[in-house]
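Using the sequences and the hints given, assemble the complete structure.
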Amino acid sequence: MLKDASILVIDDEAVIRDGCTRILQKEGCRVTTVENGKAGVDLINTEKEPFDILLLDLMMPGISGMEVLDTVRTIDDTMIVIVITGYATVESAVEAMKKGAYDFIAKPFTPDQLRIVVRRGAEKRSLQLETERLRREREKSLKDIAYEKSRISTIINCMVDGILVTDRESRIVLHNPAATRLLEIESVPLIDRPISECVGNKDLAKTVTAVLEIEESKYREISQEIIQGEGPGSVFLRADTSPVFDGEGEVMGSVTVVHDITQERQLNQMKSDFLAMVSHELRAPLSAIHQQLSVIQEGMAGSIAEKQKEMLVRAKERTQGTLDLITDLLNLSKIDSGIVIQSKETVSFQDIVEKACQLMEPEAEAKGIALNVHKKEPLPMIHADRESMEKVCINLISNAIKYNVEGGSVTIHLLPEGEFLRIDITDTGIGIPEQDLPRIFDRFYRAKSSKTRMVIGTGLGLPIVKGIIEAHHGSIKIQSKEEKGTTFTVLLPRTPD
Amino acid sequence: MEKTQRVLVVDDDPDLVESVKMMLENKNYEVITAYDGIEGLQKAKEDSPDLIILDVMMPNKDGYEVCHELKADPQYNDIPILLLTAVVSEMSKTTYTHRMGMEIDADDYIDKPVEPAELVKRAEALLQKG
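If you read the sequences in order, they're chains G and A.
Residue 1 is where the first sequence starts when you use the numbering used here, and the numbers rise one by one after that.
Residue 1001 is where the second sequence starts when you use the numbering used here, and the numbers rise one by one after that.
A portion of the hints provided could be inaccurate.
Stated by the list, open to error - Calculated pairs, DMTMM-like style, for lysine to aspartate or glutamate (alpha carbon to alpha carbon, straight line, at most 20 Å): (1) LYS202(G) with GLU186(G); (2) LYS1121(A) with ASP1107(A); (3) LYS466(G) with ASP424(G); (4) LYS466(G) with ASP436(G); (5) LYS477(G) with GLU417(G); (6) LYS206(G) with GLU221(G); (7) LYS477(G) with ASP436(G); (8) LYS202(G) with GLU169(G); (9) LYS376(G) with ASP351(G); (10) LYS3(G) with GLU27(G); (11) LYS38(G) with ASP12(G); (12) LYS309(G) with GLU1115(A); (13) LYS355(G) with ASP1108(A); (14) LYS355(G) with ASP1111(A); (15) LYS1027(A) with GLU298(G); (16) LYS1121(A) with ASP1108(A); (17) LYS1043(A) with GLU1030(A); (18) LYS484(G) with GLU434(G); (19) LYS1121(A) with GLU361(G); (20) LYS316(G) with GLU1118(A); (21) LYS316(G) with ASP1111(A); (22) LYS316(G) with ASP1015(A); (23) LYS375(G) with GLU417(G); (24) LYS1027(A) with ASP1050(A); (25) LYS402(G) with GLU317(G); (26) LYS477(G) with ASP442(G); (27) LYS98(G) with GLU67(G); (28) LYS1121(A) with GLU298(G); (29) LYS316(G) with GLU1018(A); (30) LYS48(G) with GLU132(G); (31) LYS316(G) with GLU1115(A); (32) LYS3(G) with ASP18(G); (33) LYS477(G) with ASP424(G); (34) LYS1045(A) with ASP1073(A); (35) LYS375(G) with GLU361(G); (36) LYS1121(A) with GLU363(G).
Don't read these hints as lab results, they were simulated from the structure.
Keep in mind the model is a prediction, meaning the values are calculated, not measured.
Put into structure tokens, the structure is as follows:
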């Protein structure tokens, strides 16, 4: 501890200064000496590294030792001051100690006496420094905790999404300004009050209660849409509620995040409106052109040459293709805006399949393809939008014919499967390459090969089918082998008995 | 020889009206035309057509309204009506029924654009029935 201590000696006697330097340097101390009080004070004032110990002669010409002591205490009151008393007067030593000196040593002193006093001083100094370090550390960690706490609460309070935390009795324990604003909660304070009392929306309170009963193994988040207010000023919110578990898997409470989706909704609506408008505006002139082409092609507007007729047939194929694309775009925008599921009724899927087969029969016959329907009765009814389901059937059967081979077959199996009605549509066609399967339900995606080039399509048929089925909480899967054929499997939830 | 049958074609798109007219005239029907719902209603009442081919989306009075008014009038409710639907295939009928809470009582529907053979087939079927 004595090692590396930085010591300042202020004494007017050269022999004392030299003696101290010699003795203490041997102990590994860094020793600086000055011969009067003024030089000492100046040095203490200017030295960057504070001295650990000051050996101070009390009796000096110029500024007295006592005065130096006073000044030093005001500059750095942690410095260990050991006074050197020339006359061995206890009084002046006591006075110096009262002023904050740590110890004293009487002249003349032996090297051992000096070493002992300085070592004690150095120990004291290092204890002091350690204490100071610990105090600072504690202060810093307390500050950190306070800072962290205020940082988290600042973050939560600044969030655009609302946050509502409850305990396991569904009493509110934390909320942010966004939550009170979005959920239009007026009564404050909310802390410790049941959520059902504070939040106007009954569904949200119910969901929180439901979430609190969830077991850890069934961990899940419940998402719901909430409409706040009525008419054009109403706000659409999505609320995601999750349970919070402790280390033992017990429910501690719930966290609900409320997100404003009004703008998202409005943009979606605008997109659908725009798409519908553009489609209608394109459809009307195209229809007129298509009909005019028909009239000319059939020679109703005067006789035409064979070559002209040929070109008109091709022109009509193009207009028809574009019309189909517009129809599909309109369908998709309807699916996106949720219109397809607005008119659900109890329907027999079997009737729809039979009607679709009837409709597709001429097309199948033209390619020499047999359409077969197998049923495993009794078949459950489904709750669905009839027109959408017709579209699904026609689309899938039409694909099965279009991508089939001459003289092939299309087989439709209808069977009950648990809570679902299962429909398998199997063709004996060209199949779909494995690398194309994952993207087969993507919009505008069409598997490209020399065999499909001649088949006209928009690339929107399967996305429409999938969209309709999913809007009915069903699912569609595909299995395919090149050169063998493709099977689409559709599951649709049966109407509850 | 049988009396020439008269068909009223109502659509706000003159090119469409013309092409339908030519398809029908090609089969020797007499065709009269109207270009919106109000004119269509007036001609339906004054010119006693044997069949009305009626567009759905029209200014002033749309096809559904014209159809509804004629079918509600005992003097004209026996004129068969073929609706020209432009929206999306069979979808329109039920959608309309659901939206308006009103059953549409047209005698048949055909999607635009119409193919000459299909139009004539539907028209003939309705005229024979009537």
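Evaluated hints:
no. : hint                       : verdict
1   : LYS202(G) with GLU186(G)   : holds, 16 Å
2   : LYS1121(A) with ASP1107(A) : holds, 14 Å
3   : LYS466(G) with ASP424(G)   : holds, 15 Å
4   : LYS466(G) with ASP436(G)   : holds, 16 Å
5   : LYS477(G) with GLU417(G)   : holds, 15 Å
6   : LYS206(G) with GLU221(G)   : holds, 14 Å
7   : LYS477(G) with ASP436(G)   : holds, 14 Å
8   : LYS202(G) with GLU169(G)   : holds, 16 Å
9   : LYS376(G) with ASP351(G)   : holds, 14 Å
10  : LYS3(G) with GLU27(G)      : holds, 6 Å
11  : LYS38(G) with ASP12(G)     : holds, 11 Å
12  : LYS309(G) with GLU1115(A)  : holds, 15 Å
13  : LYS355(G) with ASP1108(A)  : holds, 17 Å
14  : LYS355(G) with ASP1111(A)  : holds, 18 Å
15  : LYS1027(A) with GLU298(G)  : holds, 12 Å
16  : LYS1121(A) with ASP1108(A) : holds, 12 Å
17  : LYS1043(A) with GLU1030(A) : holds, 14 Å
18  : LYS484(G) with GLU434(G)   : holds, 13 Å
19  : LYS1121(A) with GLU361(G)  : holds, 19 Å
20  : LYS316(G) with GLU1118(A)  : holds, 16 Å
21  : LYS316(G) with ASP1111(A)  : holds, 16 Å
22  : LYS316(G) with ASP1015(A)  : holds, 16 Å
23  : LYS375(G) with GLU417(G)   : holds, 12 Å
24  : LYS1027(A) with ASP1050(A) : holds, 15 Å
25  : LYS402(G) with GLU317(G)   : holds, 16 Å
26  : LYS477(G) with ASP442(G)   : holds, 13 Å
27  : LYS98(G) with GLU67(G)     : holds, 13 Å
28  : LYS1121(A) with GLU298(G)  : holds, 15 Å
29  : LYS316(G) with GLU1018(A)  : holds, 18 Å
30  : LYS48(G) with GLU132(G)    : holds, 19 Å
31  : LYS316(G) with GLU1115(A)  : holds, 11 Å
32  : LYS3(G) with ASP18(G)      : holds, 19 Å
33  : LYS477(G) with ASP424(G)   : holds, 10 Å
34  : LYS1045(A) with ASP1073(A) : holds, 10 Å
35  : LYS375(G) with GLU361(G)   : holds, 19 Å
36  : LYS1121(A) with GLU363(G)  : holds, 19 Å
In terms of the numbered hints stated before, the structure departs from none.
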